[in-house]
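> What follows is the residue order along each chain.
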Amino acid sequence: GAVVSQHPSRVICKSGTSVKIECRSLDFQATTMFWYRQFPKQSLMLMATSNEGSKATYEQGVEKDKFLINHASLTLSTLTVTSAHPEDSSFYICSARANRGGTGELFFGEGSRLTVL
Amino acid sequence: KQEVTQIPAALSVPEGENLVLNCSFTDSAIYNLQWFRQDPGKGLTSLLLIQSSQREQTSGRLNASLDKSSGRSTLYIAASQPGDSATYLCAVLTDKLIFGTGTRLQVFP
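Chains W and A are the protein sequences, given in the same order.
The numbering of the first sequence is the numbering used here, which starts it at 1 and goes up by one.
The numbering of the second sequence is the numbering used here, which starts it at 1 and goes up by one.
Note that these hints are calculated values from the structure, not bench results.
Note that this is a predicted model, so its numbers are computed, not measured.
One or more of the hints may lead you astray.
[Claimed, not checked] Straight-line C-alpha distance at most 30 Å; calculated DSSO-like pairs for lysine-lysine: (1) W:Lys20 - A:Lys42; (2) W:Lys55 - A:Lys1; (3) W:Lys64 - A:Lys42; (4) W:Lys20 - W:Lys64; (5) A:Lys68 - W:Lys41; (6) W:Lys41 - W:Lys20; (7) W:Lys41 - A:Lys1.
[As the list claims (entries may be wrong)] Quick partial rundown of chain A residues pointing at chain W, CB under 7 Å, derived from the structure: (8) Gly43; (9) Leu44; (10) Leu47; (11) Leu49; (12) Tyr76; (13) Ala78.
For every residue, glycine included, the Cβ atom is placed at its ideal position computed from N, Cα and C.
Here chain W stands alone, though its shape is the one from the complex:
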């Protein structure tokens, strides 16, 4: 099956710093990528949808200036948590879909655990 690689898998940072998480589709071109966050013992919450070459669409309540998403190529999307604070500590997962607006299966990265001290 298709492979999505997410990096880093774990990151610990000090409050106030920015952290970038990468999501790569390794064997297909991902026209659409989704970013989710998951708090302990809770389900995945969609943060934003990004289509290659256009601005990301953020879900209600997600600060776009805090969670910067860039989908500059068909195989790479990045999520940057700017000026991270302890409440941003969470598990972040990306997913990718091969065809824009399609109905096919989505493939997920392994997730990135962010801990902000």
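Place chain A on chain W using the hints.
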């Protein structure tokens, strides 16, 4: 707004039991529904994908059904094993993939 609910939230059973996990969604205009498992601290493993035109999918001891008109899906796990212990998530796809609240399953020997 699509809302996806899973019942029960948690389940603890002895090994060998047959299990039914439930997923309901409020907007039946979906493209497909997917079931995932998530081990603690790990990413997602896709189990079954059911397209909106399909009624069920099977993989090994897993069987998932979909009744789009009533907004329901069930995941049936036959002869449960301790290795099945995980959180099970359903997700529906419209223009985006929305996850359910999850069922935490523990199968004890």
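> Taking only the CA atoms, is the gap from Lys41 of chain W to Lys1 of chain A under or equal to 30 Å?
Satisfied, since the Cα-Cα distance of roughly 23 Å is no more than 30 Å.
> Are the Cα atoms of Lys20 of chain W and Lys42 of chain A separated by 30 Å or less?
19 Å, holds
> Checking hints one by one. Is Tyr76 of chain A an interface residue toward chain W, by the C-beta closer than 7 Å rule?
21 Å, violated
> A closest beta-carbon separation below 7 Å is what the hint needs, so does Leu49 of chain A meet it against chain W?
5 Å, holds
> Lys41 of chain W and Lys20 of chain W were given as a pair; does the straight-line alpha-carbon distance stay at or below 30 Å?
24 Å, holds
> Take a quick look at whether Lys55 of chain W and Lys1 of chain A sit within 30 Å of each other, Cα to Cα.
Within the cut-off at roughly 22 Å; holds.
> Classify the hint on Ala78 of chain A as holds or violated, based on whether any CB of chain W lies nearer than 7 Å to its CB.
With Cβ-Cβ at 24 Å, over 7 Å, it is violated.
> Does the interface hint hold: is Leu47 of chain A within less than 7 Å of chain W, judged Cβ to Cβ?
11 Å, violated
> Verify the interface restraint on Leu44 of chain A: the C-beta must sit less than 7 Å from at least one C-beta of chain W.
With Cβ-Cβ at 5 Å, under 7 Å, it holds.
> Can you confirm whether the C-alpha distance between Lys68 of chain A and Lys41 of chain W stays at or below 30 Å?
Between Lys68 of chain A and Lys41 of chain W the Cα gap is close to 28 Å, so the pair holds against 30 Å.
> Hint check: Lys64 of chain W vs Lys42 of chain A, CA-CA at most 30 Å. Holds or violated?
Status holds; Cα separation ~26 Å.
> Given Gly43 of chain A as an interface hint, is the shortest Cβ-Cβ distance to chain W below 7 Å?
Hint on Gly43 of chain A: holds, closest Cβ of chain W at ~4 Å, below 7 Å.
Going through the hint list in order, the structure does not satisfy hints 10, 12 and 13.
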